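Protein chains: 2
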Amino acid sequence: MASPPRGLPISFIVLTLFTFLPNPATSLRTSFIKLPGSDGSRSSSAADTYCESWRLAAETNNAGTWDVIPSVCVDSVAGYLNGDQYGSDYGVIADYALAFAETVQVSGDGKDVWIFDIDETLLTNLDYYRAHGYGSEPFESNSFNEWVVGGTAPAFEASLRLYNALKKLGFTIVLLTGRDEHQRSVTETNLRDAGYSGWERLLLRGPEDQGKSATNYKSEQRSKLIEKGFKIRGNTGDQWSDLLGFAVADRSFKVPNPMYYIP
Amino acid sequence: MASPPRGLPISFIVLTLFTFLPNPATSLRTSFIKLPGSDGSRSSSAADTYCESWRLAAETNNAGTWDVIPSVCVDSVAGYLNGDQYGSDYGVIADYALAFAETVQVSGDGKDVWIFDIDETLLTNLDYYRAHGYGSEPFESNSFNEWVVGGTAPAFEASLRLYNALKKLGFTIVLLTGRDEHQRSVTETNLRDAGYSGWERLLLRGPEDQGKSATNYKSEQRSKLIEKGFKIRGNTGDQWSDLLGFAVADRSFKVPNPMYYIP
Chain A
207 MASPPRGLPI SFIVLTLFTF LPNPATSLRT SFIKLPGSDG SRSSSAADTY CESWRLAAET
267 NNAGTWDVIP SVCVDSVAGY LNGDQYGSDY GVIADYALAF AETVQVSGDG KDVWIFDIDE
327 TLLTNLDYYR AHGYGSEPFE SNSFNEWVVG GTAPAFEASL RLYNALKKLG FTIVLLTGRD
387 EHQRSVTETN LRDAGYSGWE RLLLRGPEDQ GKSATNYKSE QRSKLIEKGF KIRGNTGDQW
447 SDLLGFAVAD RSFKVPNPMY YIP
Chain B
207 MASPPRGLPI SFIVLTLFTF LPNPATSLRT SFIKLPGSDG SRSSSAADTY CESWRLAAET
267 NNAGTWDVIP SVCVDSVAGY LNGDQYGSDY GVIADYALAF AETVQVSGDG KDVWIFDIDE
327 TLLTNLDYYR AHGYGSEPFE SNSFNEWVVG GTAPAFEASL RLYNALKKLG FTIVLLTGRD
387 EHQRSVTETN LRDAGYSGWE RLLLRGPEDQ GKSATNYKSE QRSKLIEKGF KIRGNTGDQW
447 SDLLGFAVAD RSFKVPNPMY YIP
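Just so you know, the protein sequences line up as chains A and B, in that order.
Each residue of the first sequence is one higher than the one before, counting from 207 in this note's numbering.
Each residue of the second sequence is one higher than the one before, counting from 207 in this note's numbering.
Bear in mind the hints are in silico, worked out from the structure with no lab data behind them.
These figures come from a predicted structure and were not determined experimentally.
All C-beta atoms, glycine included, are put in the ideal place defined by N, C-alpha and C.
Please note that the accuracy of each hint is not assured.
[As the list claims (entries may be wrong)] Which bits of chain A does chain B cover? Going by a derived footprint, with three or more residues having C-beta under 8 Å, they are:
#1 284–294
#2 333–340
[Stated by the list, open to error] Only part of the chain B face toward chain A is listed, based on derived beta-carbon distances under 10 Å:
#3 S251
#4 T255
#5 S259
#6 W260
#7 L262
#8 A263
#9 E265
#10 T266
#11 N267
#12 D290
#13 D301
#14 F436
#15 R457
#16 S458
#17 K460
#18 P462
Assemble the whole structure, with the sequences as input and the hints as a guide.
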């Protein structure tokens, strides 16, 4: 491994899948790092280890598409979400995002955009998911829409901090969400109640966006911004489909979400 | 948040940076998730929490380019690498990779390629890094090259298992490494001693590749494979620069490496 020069914009393609397979036997000619629980047993501690590995695989998009969290991991995911680690993970990512933002030469013409997703990015729906198995139950749109209409989702502290700091730096804030256009009013009210203000645009799924994958819908919306002369400097979302596709930001920040996956 | 249809290849651009900033004060109108240690104090437990967050930020490429691991995280990273979690994380990713590989229609003409990086992907240099502060010391090419020439790096169990399973499925294995061409012989011997065999090509940096970023060098090599009619189905590496850029694989798998970052 030589030490190469630094720094490059990069792109990445992934496909999707979720399965967990047993370990086939292997024959080795030398020592190797052993996996825990490779004899098939899974103690409580081994389950914790596995669930940490699953969460890392999900966050890095190694897991690809998945429908519900592994049933063995409900306690582990709940512990993560209800403990300090979840908020800490958000805070560290917000710090990296802000450090990057401070290096951007903001032109002052209002064309330097930072995009935020809403659900699990600006607002937390943890109270809803806490009552629905932390992502272990299949997504149920009726009850989730009821929750959205309730309009009581709180802000993430780290996201609000980042949001306000970006405004102060002169970025134009665009909110790009998979929520439907008919949820515009309740979404605006919820955002304001949670402490957010001063966004330039709130982009929701219109009738023409129905049936599109989140990756396509959001890429198209970013593309339209670029056509209008905006420069998408940064993008923050909890889903890879918020960040990937085409017309991507100069830099993208993936905040954690071990509860659901939207392709 | 509506529930969109599933499944899409996606691409992703990131830039790079590493800084850790203090939390500016924020004023809120409602409740939010609190970060631990936001008063500036950092107990041993808070340091652990931070270091877990740093590791996640590094693995997800949120941290961008970084030179050495945070000094406060040496114990945490050492604990991760020497404990069960590191091997478990590899194993789970290998399982996802294999599950994906089993869905690929391998044509039988030898054109379906799976690419592996070598260092920290097929072979572990943990013994070297254990003696050099687990990534807390700046990279020192002389001593690392001595280690490489020694040729004693063991295999990761999970990588060897994946490697052999992919061969059995009929994939053509290509090894693509940042090691220099003059290290070909010692690298081949080390790989064979560690249990690997039957690769189709071993691609190392030639004189014309010196000075190129890893992302560019590896993208160019993948591009040449595609020009020769190969289809790059999968790619496994410990660095984002193994996986991103252009001519990327149908699906890429990022194995963990909290010790160093190569752009």
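Results for each hint:
1. 284–294: With 5 residues close enough to chain B, the hint holds.
2. 333–340: Violated, because only 0 residues of the segment 333–340 of chain A bring their Cβ atoms closer than 8 Å to Cβ atoms of chain B.
3. S251: Because about 8 Å separates S251/B from the closest Cβ in chain A, which is inside the 10 Å limit, the hint holds.
4. T255: Constraint on T255/B satisfied, holds at 5 Å.
5. S259: This hint holds: S259/B lies near chain A, its Cβ roughly 4 Å from the closest one there, short of 10 Å.
6. W260: holds, 6 Å
7. L262: Holds - the Cβ of L262/B comes within 10 Å of chain A, reaching about 6 Å at its closest.
8. A263: holds, 5 Å
9. E265: This hint holds: E265/B lies near chain A, its Cβ roughly 6 Å from the closest one there, short of 10 Å.
10. T266: holds, 5 Å
11. N267: holds, 8 Å
12. D290: holds, 4 Å
13. D301: holds, 5 Å
14. F436: The hint is violated - F436/B has no Cβ within 10 Å of chain A, the shortest such distance being about 16 Å.
15. R457: holds, 4 Å
16. S458: Where the cut-off is 10 Å and the nearest Cβ of chain A is about 6 Å from S458/B, the hint holds.
17. K460: At 5 Å from the nearest chain A Cβ, K460/B passes the 10 Å test, so the hint holds.
18. P462: holds, 7 Å
Hints 2 and 14 from the list above are not met by this structure, while the remaining hints are.
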